[in-house]
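Trainee: Each chain is listed here by its residues.
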Amino acid sequence: MDLHGKDLICTQEWAVEELEAVLSLAAEMKRERFTHRYNNCLAQKTFFMFFYNPSVRTRQSFECAATELGGHAQFLEPGAMRLKTATTAGETIEDAAEVMSRYAVGLGIRILEDKISAYGEGDDLLREYARWAEIPIISMAHDKYHPCQGLADIVGLREHLGQDLKGKRLLMMWGHGALVRSWCSVQENLLICSRFGMDITLAHPEGYDLDPEVIAAVGENCASHGSRFEIIQDSKAGYEGAEVVYGRNWMSPQAYKDGVLDKPGEIEKALRHPQWICDAEKMALTNDALYIHPMPVDRGHEVTDEVASGPRSIIYDVAENRLHVQKALMALTMGSLEDV
Amino acid sequence: MDLHGKDLICTQEWAVEELEAVLSLAAEMKRERFTHRYNNCLAQKTFFMFFYNPSVRTRQSFECAATELGGHAQFLEPGAMRLKTATTAGETIEDAAEVMSRYAVGLGIRILEDKISAYGEGDDLLREYARWAEIPIISMAHDKYHPCQGLADIVGLREHLGQDLKGKRLLMMWGHGALVRSWCSVQENLLICSRFGMDITLAHPEGYDLDPEVIAAVGENCASHGSRFEIIQDSKAGYEGAEVVYGRNWMSPQAYKDGVLDKPGEIEKALRHPQWICDAEKMALTNDALYIHPMPVDRGHEVTDEVASGPRSIIYDVAENRLHVQKALMALTMGSLEDV
Amino acid sequence: MDLHGKDLICTQEWAVEELEAVLSLAAEMKRERFTHRYNNCLAQKTFFMFFYNPSVRTRQSFECAATELGGHAQFLEPGAMRLKTATTAGETIEDAAEVMSRYAVGLGIRILEDKISAYGEGDDLLREYARWAEIPIISMAHDKYHPCQGLADIVGLREHLGQDLKGKRLLMMWGHGALVRSWCSVQENLLICSRFGMDITLAHPEGYDLDPEVIAAVGENCASHGSRFEIIQDSKAGYEGAEVVYGRNWMSPQAYKDGVLDKPGEIEKALRHPQWICDAEKMALTNDALYIHPMPVDRGHEVTDEVASGPRSIIYDVAENRLHVQKALMALTMGSLEDV
Chain A
1 MDLHGKDLIC TQEWAVEELE AVLSLAAEMK RERFTHRYNN CLAQKTFFMF
51 FYNPSVRTRQ SFECAATELG GHAQFLEPGA MRLKTATTAG ETIEDAAEVM
101 SRYAVGLGIR ILEDKISAYG EGDDLLREYA RWAEIPIISM AHDKYHPCQG
151 LADIVGLREH LGQDLKGKRL LMMWGHGALV RSWCSVQENL LICSRFGMDI
201 TLAHPEGYDL DPEVIAAVGE NCASHGSRFE IIQDSKAGYE GAEVVYGRNW
251 MSPQAYKDGV LDKPGEIEKA LRHPQWICDA EKMALTNDAL YIHPMPVDRG
301 HEVTDEVASG PRSIIYDVAE NRLHVQKALM ALTMGSLEDV
Chain B
1 MDLHGKDLIC TQEWAVEELE AVLSLAAEMK RERFTHRYNN CLAQKTFFMF
51 FYNPSVRTRQ SFECAATELG GHAQFLEPGA MRLKTATTAG ETIEDAAEVM
101 SRYAVGLGIR ILEDKISAYG EGDDLLREYA RWAEIPIISM AHDKYHPCQG
151 LADIVGLREH LGQDLKGKRL LMMWGHGALV RSWCSVQENL LICSRFGMDI
201 TLAHPEGYDL DPEVIAAVGE NCASHGSRFE IIQDSKAGYE GAEVVYGRNW
251 MSPQAYKDGV LDKPGEIEKA LRHPQWICDA EKMALTNDAL YIHPMPVDRG
301 HEVTDEVASG PRSIIYDVAE NRLHVQKALM ALTMGSLEDV
Chain C
1 MDLHGKDLIC TQEWAVEELE AVLSLAAEMK RERFTHRYNN CLAQKTFFMF
51 FYNPSVRTRQ SFECAATELG GHAQFLEPGA MRLKTATTAG ETIEDAAEVM
101 SRYAVGLGIR ILEDKISAYG EGDDLLREYA RWAEIPIISM AHDKYHPCQG
151 LADIVGLREH LGQDLKGKRL LMMWGHGALV RSWCSVQENL LICSRFGMDI
201 TLAHPEGYDL DPEVIAAVGE NCASHGSRFE IIQDSKAGYE GAEVVYGRNW
251 MSPQAYKDGV LDKPGEIEKA LRHPQWICDA EKMALTNDAL YIHPMPVDRG
301 HEVTDEVASG PRSIIYDVAE NRLHVQKALM ALTMGSLEDV
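Protein chains in written order, with the working numbering: chain A, 1 to 340; chain B, 1 to 340; chain C, 1 to 340.
Chain A on its own, in the form it takes in the complex:
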């Protein structure tokens, strides 16, 4: 299997065996953090990071990953780029991508929230870069998907539940709060967990549907495994028997109005649902469930301190795994493995 040069925009577009190659290398690299045989596979090579939106953790983990592989991640804010649009002069993505392919071994892009004017625009941009670039395009979280988060979730779940996740019961639960989060992490998690055979309950208040295409894909993933997929609008019922609880806020499908993210409206709407919080009382209904979240956690809204800092919370392990899966991904898609 040769993953060299392959884009990663959504895990759903990779074969399970390809995902397994990344996951098993990530686990290896976690055990042998500074001694793994691929540890110089990016020596003197450059990975570009395009942050349309700022991010602390994604930037930290990608830049660490390149450093730990002997290379260097350049932190670029494309706000400084004059890209051609329908109404303004500037550079085409074709030109930008062709030149970057001459300099670097890969390009990560993050674009979501207020840097797009409608859901899907970020995904379109990544695919336009992927069309022209000769180097891999890696999503560092965009409006639709967050593949590296999904891979980190799986590594974390396997560390705590064992290698075979088939039939394990996941509750993906909407949480209230004032952060108006994108759909990328939760959609990615639903896709990859269903891909690995988990039973899934998705719980959210009325008016918080996710992307219908993603929901359809999750349904097909579950069907192919014969596993369960249900969507409920109850803040409590899903906990019973759950082995993993993923509690996270997300915006409504009406969040973008006239090309602008309506943050005040979304906050006001989300705060109407204070019962949508993951707390110890509800966790007591589960099958000793793990608590998982892509961070940053909005404590007091999405989850109580007691749960987030409790013995079944694996949030720091999953955050750490971002580093390892990204190292594995970069090694396999961009690294000089023949040199090791």
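Bear in mind the hints are in silico, worked out from the structure with no lab data behind them. Just so it is clear, CB atoms sit at the ideal spot from N, CA and C, and this is done for glycine as well. It is possible that part of the hints are untrue.
As the list claims (entries may be wrong) - Some chain A residues judged to face chain B by a derived CB distance under 8 Å, without partners named:
#1 48
#2 89
#3 99
#4 103
As the list claims (entries may be wrong) - Partial list, computed: chain B residues near chain A (C-beta under 10 Å):
#5 34
#6 61
#7 317
Said to hold, decoys possible - DSS-like cross-link-like pairs, simulated, lysine-lysine; straight-line CA separation at most 27 Å:
#8 263(A) with 84(C)
#9 257(A) with 84(A)
#10 84(A) with 263(B)
#11 263(C) with 115(C)
#12 84(A) with 115(B)
#13 166(B) with 30(B)
#14 84(C) with 115(A)
#15 6(B) with 115(B)
#16 257(C) with 84(C)
#17 84(B) with 263(C)
#18 269(C) with 236(C)
#19 84(C) with 269(A)
#20 269(C) with 84(B)
#21 115(C) with 6(C)
#22 115(C) with 263(A)
#23 30(A) with 6(C)
#24 30(C) with 6(B)
#25 115(B) with 84(B)
#26 115(A) with 263(B)
#27 269(B) with 84(A)
#28 115(C) with 84(B)
#29 30(B) with 6(A)
#30 115(B) with 263(C)
Since chain A is already given, all that's left is putting chains B and C on it; use the hints.
Mentor: Only chains B and C this time, still in chain A's reference frame:
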């Protein structure tokens, strides 16, 4: 020949043999990109990059260059520096330059467009840094010159026209558009191409004269080779017989008014000349000319897509060469070549 | 002595023997800059730098330090982080610090001036990070202290006055000017110089008292050595017999009003004292004193050009020493010394 410690503000200030040393090393480094014997000549060393103006490509290529030589380029935005001016308290360039000389092996500076209040101010600033710094000052594009772009142009032309450029015919043509570009790339190209013996036709509308001192120097360069230098105000006549066409927008000599770059006025004025575009019909008049441009290209204004993406366009090769000439330049002026 | 994992928020909290370990390694690393046996002790490791306030020199010296030890310093602007506060949703310092401890080997933080609403807030923030992080927290200058500057001062003074500073006479003199500087560098210098047995005269106009707790600690340091500590409100009297003059502006204790740094008020107040400048006439009264300053120097206000650029000025040496003490500090608190 020892180039260690030498500033590069304009290629005209270097001997041709010195430029040839950079050019030939750049060609070598391109062939042996990750295996060249100088590939660790900046190991654990720092190159400072001062970006008064943002730039994607210049930053990418310089930071990659340092990484590929084993070192690290620090991206610094001197907007955060409080420099002393006639009216405000702050640090002198003497103090800033003396301390930076203790930390780094070289300092690149980019300053042009809206970060200066009159043509020539950027050049003055670089020379003030060069006066005090004990490390090489490298222009990363300033109002007057862009030496690394000029060197990359020559590498690209030689790759496609052969090593000896003497007598080859260059058309430097103004293009219309809304980007109000500085003179640095075109002035640098005229200087270095005339230095290497090319025949030059400079074509622009009335009111778009370049720096008279630069034009005089180009004239002298041509005279010393017995080559031709003509300036015309015709958007078509210069194409006949050309072997290289460089089509690029630039601002007028009236662009700075009362210390401010008058962008709206310049855009309005430039857009009055829509016939000043490099298109396939005009390129058909040439001697199968190469199309060259320092990028980013303003497609649809400076040049049509058909030409920019056509078989004779070498824009991506030239952009790639920025990396290689900058590596060669850094190796020769800042590197520890004795260690290799 | 094992310094691995130790925070450095103020030198006063370290034993003298621990400070000596850093100082002697710094001197060694200065002599053997690219050949020292610890030169790869951060290989492929990451140091995070959190700049709440911008800084050119601190950023340059820390990033160079990590590079020269084989590692990489990530420049992070936590303005992009949504931290939880009393009134806004966001991430807790607990969560941020726990995750960063999984990625990096150390975290430097700079917070002072307009990024705090009252003196002491920056110090509280560093201690909150130190509470949760499993990696060393290093002050890169905060409202109260600037330990790396203090260490660099001592290396510089020893280079020029000899290893034993006991009984050497330091004049710390307030300077007028428009820069409204924090107390961190001067407080740190008073603490560390008194720790090493120097006699100290602190001179400032009425209304420019420093932190009473720091002054008390300086008094105790002096008492334990039997050395002298006096505070005077005279712009000239302290020069007589001084062997070191540290001339620097600082803000008044009334600088923060209603949670905001009152810059215009402070500038107006400071400029009322033009006689508070270190000049050649006053320096002639000293015992051929060295001039020392943490830079950037406000020439013409704090000190005249004649003194700052004169033969007894050691400002560039001290600035250079920032690099070496930070390398030594990082090696001892974060480095893999067992691997060398």
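Trainee: If a hint holds in the structure, say so; if it doesn't, say that too.
Mentor: Hints, one by one, checked against the model:
With a cut of 8 Å, the hint placing residue 48(A) at the interface with chain B holds, because the nearest CB-to-CB distance is about 7 Å. Because the smallest distance between the Cβ of residue 89(A) and any Cβ of chain B comes to about 4 Å, under 8 Å, the interface hint for this residue holds. Annotation: interface hint on residue 99(A) holds; nearest CB of chain B at approximately 4 Å, less than 8 Å. The beta carbon of residue 103(A) is positioned within 8 Å of a beta carbon in chain B (closest approach about 5 Å), and the interface hint is therefore held.
The beta carbon of residue 34(B) comes within 6 Å of a beta carbon in chain A, closer than 10 Å, and the hint placing it at the interface holds. Here the hint on residue 61(B) is kept, as its CB sits about 6 Å from the closest CB of chain A, short of 10 Å. For residue 317(B), the shortest C-beta to C-beta distance to chain A is roughly 9 Å, which falls under 10 Å, so the interface hint holds. Restraint check for residue 263(A) and residue 84(C): the C-alpha separation of about 18 Å stays at or below 27 Å, so the hint holds.
Distance hint between residue 257(A) and residue 84(A) is fulfilled; the C-alpha atoms sit about 24 Å from each other, no more than 27 Å. A distance of roughly 18 Å separates the Cα atoms of residue 84(A) and residue 263(B); the hinted pair therefore holds under the 27 Å criterion. Distance check on the hinted pair: residue 263(C) and residue 115(C) sit about 13 Å apart at the alpha-carbon level, within 27 Å; holds. For a cut-off of 27 Å, the pair hint linking residue 84(A) to residue 115(B) stands: about 23 Å separates their Cα positions.
Note on residue 166(B) and residue 30(B): the hinted pairing holds, with a Cα-Cα distance of about 23 Å set against a maximum of 27 Å. For the proposed pair residue 84(C) and residue 115(A), the alpha carbon gap of about 23 Å is at most 27 Å, so the pair holds. Between the alpha carbons of residue 6(B) and residue 115(B) the distance comes to roughly 26 Å, so the proposed pair stays at or under 27 Å and holds. The hinted pair formed by residue 257(C) and residue 84(C) meets the criterion: a straight-line CA distance of about 24 Å does not exceed 27 Å.
A threshold of 27 Å between alpha carbons decides the hint, and for residue 84(B) with residue 263(C) the separation of about 18 Å falls inside it, so the pair holds. Pair hint residue 269(C) plus residue 236(C) holds up; C-alpha atoms about 20 Å apart against a cutoff of 27 Å. For the hint pairing residue 84(C) with residue 269(A), the CA-to-CA distance comes to about 21 Å; that is within 27 Å, so the pair holds. Using a Cα cut-off of 27 Å, the hinted pair residue 269(C) and residue 84(B) holds, with the two alpha carbons roughly 21 Å apart.
Pair hint residue 115(C) plus residue 6(C) holds up; C-alpha atoms about 26 Å apart against a cutoff of 27 Å. Using a Cα cut-off of 27 Å, the hinted pair residue 115(C) and residue 263(A) holds, with the two alpha carbons roughly 26 Å apart. The straight-line distance between the Cα atoms of residue 30(A) and residue 6(C) is roughly 25 Å, inside the 27 Å bound, and the hint therefore holds. Pair hint residue 30(C) plus residue 6(B) holds up; C-alpha atoms about 25 Å apart against a cutoff of 27 Å.
For the hint pairing residue 115(B) with residue 84(B), the CA-to-CA distance comes to about 16 Å; that is within 27 Å, so the pair holds. Straight-line distance between C-alpha atoms of residue 115(A) and residue 263(B) comes to about 26 Å, which keeps the hinted pair within the 27 Å bound. At roughly 21 Å between alpha-carbon atoms, residue 269(B) and residue 84(A) fall within 27 Å of each other, so this suggested pair holds. Note on residue 115(C) and residue 84(B): the hinted pairing holds, with a Cα-Cα distance of about 23 Å set against a maximum of 27 Å.
This hinted pair checks out: residue 30(B) and residue 6(A) have alpha carbons roughly 25 Å apart, not beyond 27 Å. Between residue 115(B) and residue 263(C) the CA atoms are separated by roughly 26 Å; this keeps the pair inside 27 Å, and the hint holds.
When each numbered hint is compared with the structure, no violation occurs for any of them.
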